[in-house]
Amino acid sequence: MTGSELLVQRFLDQELSGEERVQLLVRLGRDEALRQRLIDLEQLVLDVSRLPRPLLPDGFVARVMEQTAAPATPAWHRLADALWAPRALEWNLAGAVAVACLALLVVGGMVARGLPWQGAPPPDGGVSTSAAATAPPTPVLVRLVVVQPGARTVQAAGDFNGWNPTRTPLEQMSSGAWTVTIPLEPGRYEYMFVVDGRQWIADPFAAEQNDDGFGSRNAVLEVRPPMGASL
Amino acid sequence: MLISRHARSILSVTTRMLGPTADAEDVAQDTFVAAYKALSSFQFDAKFSSWLYRIAVNKCKDALRARRPGTVSLDATDEEGAAVWEAADEETPHWELEQVELAWELDKGIQALPHLYRESFVLKHIEGLGYDEMSAILGVHRDTLKMRVYKARTLLCQSLAHLDRAHR
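Here the protein sequences come in this chain order: C and X. Remember, our numbering sits 2 above the position in the first sequence when you count from 1. Remember, our numbering sits 14 above the position in the second sequence when you count from 1.
Calculated directly from the structure, the hints in this document are not laboratory data. Positions of the beta carbon are idealized from the N, C-alpha and C atoms, including for glycine. A couple of the hints might just be wrong.
As the list claims (entries may be wrong) - If you want the footprint, here are the derived chain C segments under chain X, 3+ residues with CB under 8 angstroms:
id: 1; segment: 22-29
id: 2; segment: 33-46
id: 3; segment: 50-59
To be verified - Sample of chain X residues lacking proximity to chain C, with all beta carbon distances greater than 12 angstroms (derived):
id: 4; residue: Ala21
id: 5; residue: Thr28
id: 6; residue: Leu116
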């Protein structure tokens, strides 16, 4: 590559120093062929930038989705996958202590009231990542908890808020645990947590998880009707 | 949602690499299917679009390797290809006609470029990527990419030389 060609290349890539620009201008003043060549190359870049983008054919996204649809797997298989899937959970001592305290609160409250483990309203202040009925009839108040000590923000996104990652912020507890209490009608909800607005994670404490169709798993929340009520 | 967001960019790359044929659409679809299957290997600190581009470029290379000489006719895409592109707007019909002709000639020129020059040129000037991102996608040093893009520009200028008086 000649010196002039190198200057032209660097000009097109907008990498010329001030000194090199002067050098190029001097050469362009003397060399008409070089000038025309530079004009042609610049025109080419301009023409290419105006090229229309192809239209997306009808049904393109649907066809991709069809090909990526996972075959139905038996429930026991999904449960086995959930049990054996490797998980990375970031934690520190403060977070672990916080979770232990929360667990003690739940267990202690249940024991104090002598309530059964299943299908009963939890004690006041009870904390659980599964459904916990704290008020009569619908809606049921459900508390979501996740430990993310290093996070700046944590949001919940799921079936209950249209998967909007900005609508349900969790509040940080001093321990690094994040929590939010939301009213939900009895039913089945899938959800994920969104950490710092970009990292989507499944609830590690969820009793059940489902494939989300994109290679990740959603936590599943089963909200049961309060005792004595029906769906 | 991810598919919708990136579909046109990926289709743009596959179409420029393979021509406006059914191949290009198939390869674009294959790109998303492959991405879905490999999603667990995606490093979230990397740029998702760069990762998709890399898959698309590799798929295009596979498709080009699979093509036997003589199976692709650039002229065959003239009619069907024209229907695929968005029409130019906000200008007179005469200007549109010239632009369509110019776009067609440009496409032919791009698809006639050697593969290595073509992929670099498409990522640089069609997709507007910087050399650092291109280097990450193609696994080629940025100086090498600059040279390939320059060569591609030069070859395209030569192939479009006959249009200079008519269009500019």
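To see whether the hints hold, each was checked on the structure:
Chain X is given as covering the segment 22-29 of chain C, and this is violated because 0 residues of the stretch bring a CB closer than 8 angstroms to a CB of that chain, at least three being needed. Counting residues of the segment 33-46 of chain C whose C-beta sits closer than 8 angstroms to any C-beta of chain X gives 5, which meets the bar of three, so the coverage hint holds. Evaluation of the coverage hint for the segment 50-59 of chain C: fulfilled, as 10 residues show C-beta separations to chain X shorter than 8 angstroms, against a requirement of three. Non-interface call for X:Ala21 relative to chain C: violated, since the shortest CB-CB distance, roughly 5 angstroms, does not exceed 12 angstroms.
A beta-carbon of chain C is positioned within 12 angstroms of the beta-carbon of X:Thr28; the least distance is around 9 angstroms. The beta carbon of X:Leu116 is not kept farther than 12 angstroms from every beta carbon of chain C, the shortest such distance being approximately 6 angstroms.
In the structure shown, a violation is registered for the earlier hints numbered 1, 4, 5 and 6, in ascending order.
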